[in-house]
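Engineer: Spelled out from the first residue to the last, the chains are:
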Amino acid sequence: MIRTRAIVWAAVAAATAIAAALVFSRGAAIETNLLALLPNVERNPIAGRAAATLGEAGARHCIFLIGARSPDAAKELSRRFERVISAAGAFREIRAEFPPPDPRAIRDLYVSHRFHLLSDNDRHALASEPRASFIEERLRRRLYDPFRATLGVPLEQDPLGLLDNYLAALPYLQLSAALEFDDGFLLARDADRVYAVVLAELDGSPHDPPVQKRVDASLQEASAALRAIDGEATILRAGLVHYASAARETAEREVDRIGLGSLAGIVALLLLVFRSLRPLLLGLVSVVVGVCAAALATVAVFGRIHLITLVFGASLIGEAIDYSIQYFAARLDSGAAWKPWRGLRAVFPGITIAVLTSVLGYGALAASPFPALRQIALFSIVGLLMAYLTVVLLIPAFARAPAKYQPRAMLQAAAKLWARCERFRNPRARTAIVALLVLVSLPGWMRLTASDDIRLLVNPHPPLLAEEAAVRRLTGFAQGSQFFVIEGKDVEETLQREEALTARLRESVRAGALMQYQAVSDFVPSVQRQQEAYALWRQRVFAPANGLAPALAKNGFRGEVTARYVADFRRSADRPLTLEEWLPSPASVPFRHLWLGQIDNRYVSIVMPAGFGSVDTLEQAARQLPGVDLADKAGEVSRLFREYRRVGSVILLVAAVLIYAVLGWRYGPRQALAAMLPTLTAVAVTLGYCGYTGAPLTLFNVMALLLVLGVGINYVIFLHEGIERRAAALVGVLLSAATTLLSFGLLGWSTTPALGQFGATLFTGITITVILAPMLGPSSTRVRR
Amino acid sequence: MKRVGFAVLLALWPALNALPAAKDDALLERIAAGLSHSAVLHAEFIQTKTVAALTRPIVTSGRFVYARQQGVSWKIERPYRATYLLTDTGVTELDASGAPVRSADQGPALQHVSRIFRALLEPDFKTLEQYFVPTASGDASRWELTLAPRGPLRQVFKSVRVRGGRFVEALTLDESNGDKMEIRFLAMREAVALEADELRARRRE
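Protein sequences appear in the order of chains A and B. For the first sequence, the numbering used here gives the first residue as 207, with consecutive numbering after it. For the second sequence, the numbering used here gives the first residue as 22, with consecutive numbering after it.
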């Protein structure tokens, strides 16, 4: 019976390992997109879809600046760069040459609709200023002001200069002096170098490892090709794919390093204590089976396994090995009388309650609505259960002989340590210790701050950040993740809703809270707005009482010029500029992306703000405007982190209650409370420590505390259940703690802030728990059996 | 919509800008060497604009102060009074009391105008070459520059001519729509620094 069980389980274990090897050797099931862990919660589905589409398109684009000493060299290098990259096939499209926009096209489109258009300033002036003085003043400026921005609209078509003003207010003329059109290329300059702009679009998702590898390889090839032409050629990169690629490499390296480091530490420790390969190899078998099964289960349920889960899982090795450590620690102590299955019976209650509490703790995590936490919960539960089952079903069959080596000195030292701790195991000392620790932690709690910054997830990569900063500085290209999405039932409603928004944005621009914005309705105002403008023209400029014709005559305008001007006005009465006319015209080329067209029978556009100090400005602008939504991916992720953190804190409490229920069922309510005291105190002290060191409370700290709770309870249980062979039990717990600390200590190395914090919190919490567990656990004399 | 990156980038085009091509005209260097290098220049100007739509040219006259560090103050005295300050940030119009007139919609677009105009007055070949291809004739004491506009500027100007010796004496701008503007400078004189009241006017800005 026992034998059959072992054989069956050996087959299951082997099958698990082979299946995992098969699935992961293809390497396709690993997800690197951090945002994939977040659920899609959008207030407005259309805004959400628009934002997602735009975000996706933006994420696929890369900008390269090819730098050289002279413009000609930069142009030649960028052409060469384009050829090498497009031959390598990593990008769907790559462009080094850009024909300059033609002012004539802009002029031609707008001149025929000029009586339906007014700049904001002129509209206000026309509505409020006395008419005669307005005409005089604008005419004087147009004729005498030597300094005017113009796209070359002839005087006879615009004697008051109002079209000039309208066009000058559009972003056609008022943009940064950063980029220059030269001979079909876009050039940027700094003190001693000239850069040619190359734009490229990826042939797939920036989070797709094969895409990343193709991009890296083709860039290396292109870089070598450019260096061969010009030893000083430089390539500056900006684009999500470079970060994603670097993050994947770092994460893979860290998984390797933490996994291998953890493994090496465990190997060394186990060899040191057991002086035998058998416990080590059997322990590793339990861990490998656990991790393989966990990874398979995650892929089966979620389709892909996320890198974060893998990294978290790598540190779970530290907990999975605890069951076999307990088993072999018991073997150390029992000498020649050792019987494998009886030995199992001795540790069975301890490891069973331990795995039960852990499963309940992570089970609470699985009940949360967040996919990230559910994936980690599934991984942990399956991993721990499989490791536990391997210990219970398989290991005794391979550990028949008693231990040859008896570490007497170690066991004696443990017994002595245990005796010391025993002195504190009375209610008075326990109360004193807990009260003291809580008191010391109290000021730390007061200083606790929380952080839900999206940058927690981002691996800082200084060279890439510097390159991107240089690209931004040189091109003036600002990459914002915030923009407005406007929707309406038809084009007119969408444009009118946009105008309600841009009226507020112009206020912000005047107040200095916003630098500029881009909106379709500035290029093509709503029909309503255009009709208002035409009415103003008619009443305030062309009505005979205003004296336009005499004013023109006085300033020397030829009679036929004035006559033609008035006739033009009359003819254009019912011809406002339409979106259908603007979109295909060359004048709209740089701004067409602002009009998204139809989504679900709604007409959707976006408004791009630039140069704002705080997102509050934008939120206020969008507030209570129908059909206007602010898309703010970074803000959404932060809000989500905040929710995760809050839910995580609640789960921490729920898990504690569940664990208490299990312990209470076995030990009775009072003893169960005592059993929980070490971990609860450790959590309290860790929180205080965070406060003192200024480490903010994040989602990741909260998750680490959950692990502290689960692992820490195990230690108390192992000690309490092993009270009859206390020295061996203590050796086992110390060994477990050492392996756990080793793996989590290594996690503290992670350059991703989230994982680093996770590791540091766990390290602190586990250290305190393992110190407190022998001192504060339930009284040894009253074990209910 | 697929081209968001392209489009946003293109949206940043500065309409009036381009880069220097090959220069190394020896005459340009000799002209530059012969120019006045004083910190401040005072002069009078007469500006004549000829437009097809008008029966007579528009004539404006006044005075200007060029200060290498602070910028240019351009005072129109006839047919009406107005003062413009040309600085790195653009053009500001001052009213009779010297207070800035609320700038119209044109604000930021005027940066290039200010840059080009100041470069023409100096003349600053390095800046001019970003916008034009220059050809020089004559000699260092009596020269004429013909500036062929580059890039989008070609849509606005046919050509720009600058004439001078130690100072710039005249500017002629031929616009592509047939309009023509000539500015002549008279009574050019050098100074070491701005006078006290001129400095005050600038501070108030």
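Everything labelled a hint here was simulated from the structure, so no lab data went into it. Do not rely on the hints blindly, as some may be mistaken.
Derived lysine-lysine pairs resembling DSS-like cross-links, with alpha carbons at most 25 Å apart [claimed, not checked]:
hint, chain 1, residue 1, chain 2, residue 2
1, B, K201, B, K96
2, B, K179, A, K760
3, B, K96, B, K70
4, A, K622, A, K610
5, B, K201, A, K760
6, B, K70, B, K179
7, B, K201, B, K179
8, B, K147, B, K179
9, A, K760, B, K96
In silico negatives: residues of chain B with every beta carbon more than 12 Å from chain A [as the list claims (entries may be wrong)]:
hint, residue
10, L49
11, L56
12, A64
13, V80
14, S158
15, A161
16, E190
17, A208
18, M209
Computed from a predicted model, the values in this text were never measured in an experiment. For every residue, glycine included, the Cβ atom is placed at its ideal position computed from N, Cα and C.
Engineer: Work down the list of hints and note, for each, if the structure agrees.
Structural biologist: Hint check:
A C-alpha spacing of about 21 Å is found between K201/B and K96/B, which places the hinted pair at or below 25 Å, so the restraint holds. The straight-line distance between the Cα atoms of K179/B and K760/A is roughly 29 Å, outside the 25 Å bound, and the hint therefore fails. Under the criterion of a C-alpha separation no larger than 25 Å, the hint pairing K96/B with K70/B is consistent with the structure, at around 17 Å. Our distance criterion of 25 Å between C-alpha atoms is met by K622/A and K610/A, whose separation comes to about 23 Å.
Between K201/B and K760/A, the direct Cα distance comes to roughly 21 Å. Compliance with the 25 Å bound is thereby established for this hinted pair. Restraint check: the Cα-Cα separation between K70/B and K179/B comes to about 15 Å, which is no more than 25 Å; the hinted pair holds. Of the supplied pair hints, the one linking K201/B and K179/B holds, its CA atoms being roughly 10 Å apart against a limit of 25 Å. Simply put, K147/B and K179/B have alpha-carbon atoms about 20 Å apart, close enough for the 25 Å limit, and the pair holds.
Straight-line distance between C-alpha atoms of K760/A and K96/B comes to about 24 Å, which keeps the hinted pair within the 25 Å bound. Distance to chain A confirms L49/B as a non-interface residue, since its nearest Cβ pair spans about 18 Å, more than 12 Å. Separation of L56/B from chain A is adequate, the least Cβ-Cβ distance of about 23 Å exceeding the 12 Å criterion. Its beta-carbon lying about 15 Å from the closest one in chain A, A64/B satisfies the requirement of being farther than 12 Å from that chain.
Against chain A, the non-interface label of V80/B is violated: not every CB pair exceeds 12 Å, the least being about 9 Å. S158/B, annotated as away from the interface, keeps every beta carbon of chain A farther than 12 Å; the closest lies near 25 Å. Distance to chain A confirms A161/B as a non-interface residue, since its nearest Cβ pair spans about 27 Å, more than 12 Å. With a least beta-carbon separation of about 17 Å from chain A, E190/B lies farther than 12 Å from that chain, consistent with its non-interface assignment.
Consistency note on A208/B: stated as away from chain A, and its beta-carbon is indeed over 12 Å from all of that chain's, at 19 Å minimum. The non-interface label for M209/B is consistent with chain A: the shortest C-beta to C-beta separation is roughly 18 Å, beyond 12 Å.
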